[in-house]
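2 protein chains.
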Amino acid sequence: MIIDFNKIETTVLNNFKGGEKHYKAKMFSDENNKIMYGVLENGCSIGLHTHETNSEIIYILDGVGKMIYDDTVEILKKGDCHYCPIGHTHSLINENDEDLVFFAVVPEHNRK
Amino acid sequence: MIIDFNKIETTVLNNFKGGEKHYKAKMFSDENNKIMYGVLENGCSIGLHTHETNSEIIYILDGVGKMIYDDTVEILKKGDCHYCPIGHTHSLINENDEDLVFFAVVPEHNRK
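Sequence order for the protein chains is C and Z.
Each residue of the first sequence is one higher than the last, beginning at 1 in this note's numbering.
Each residue of the second sequence is one higher than the last, beginning at 1 in this note's numbering.
It cannot be assumed that every hint is accurate.
It does not matter which identical chain is meant; a pair holds if it fits inside one copy or across any two.
What the hints assert, rightly or not - Straight-line distance between alpha carbons at most 27 Å, and here's what the computed DSSO-like set of lysine-lysine pairs gives:
1) 34 to 66
2) 78 to 24
3) 78 to 26
4) 78 to 7
Simulated from the structure, these hints should not be mistaken for laboratory data.
So here's chain C without its partners, still in its complex pose (with noise of 0.2 Å):
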């Protein structure tokens, strides 16, 4: 099936997981994936979180965004992948002026 980020509405997340200002992201989720397109603008982030049953893997369109991951920060510009594996901790940030794009999944593992 293809999922059209172009039919897909925007949501504004503030405060995401704890963190600054706002998300935006076009969102498709079943009970196995959540598969989003997000933008983080400048100043904004995502909150550290971790991921108890699910990971999330993050390949970078476009920007360069700021990953704290665990105890260790990693620089992502676009062609980067971003691996958060099940039972570790993140936290995505862009302090520059242009756009953060990304592609994400956060695969369940505990199939239900």
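Let chain C serve as the given structure and place chain Z on it in line with the hints.
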């Protein structure tokens, strides 16, 4: 963690899943996810296969792909996202001159 595709060697898979010619992929995998940067050149395909315990999410980075999905055909271009949930069948074909480049995630949903 960063998955740096620039540092991952390209694997050339001939007749992958029974497909035509070869599929070039840079792959990272652990027990829960397979994460790939994939290229199908003109005339190459990934053969028809069913996702039994996992699903697949594909984001098109460049080129045009023809996806057979169950009994439908999808034309996928840059920015399009294809989702093959558990229990469904698909095959990806490049019938165009330019390379079909994509980012793909195959999450396992039956956690071991």
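To see whether the hints hold, each was checked on the structure:
1. 34 to 66: both (22 Å within a copy, 24 Å between copies)
2. 78 to 24: So residue 78 and residue 24 pass the 27 Å test inside a copy (18 Å) and across (21 Å) alike.
3. 78 to 26: both (19 Å within a copy, 17 Å between copies)
4. 78 to 7: both (24 Å within a copy, 15 Å between copies)
This entry satisfies every hint, going by the numbered hints stated previously.
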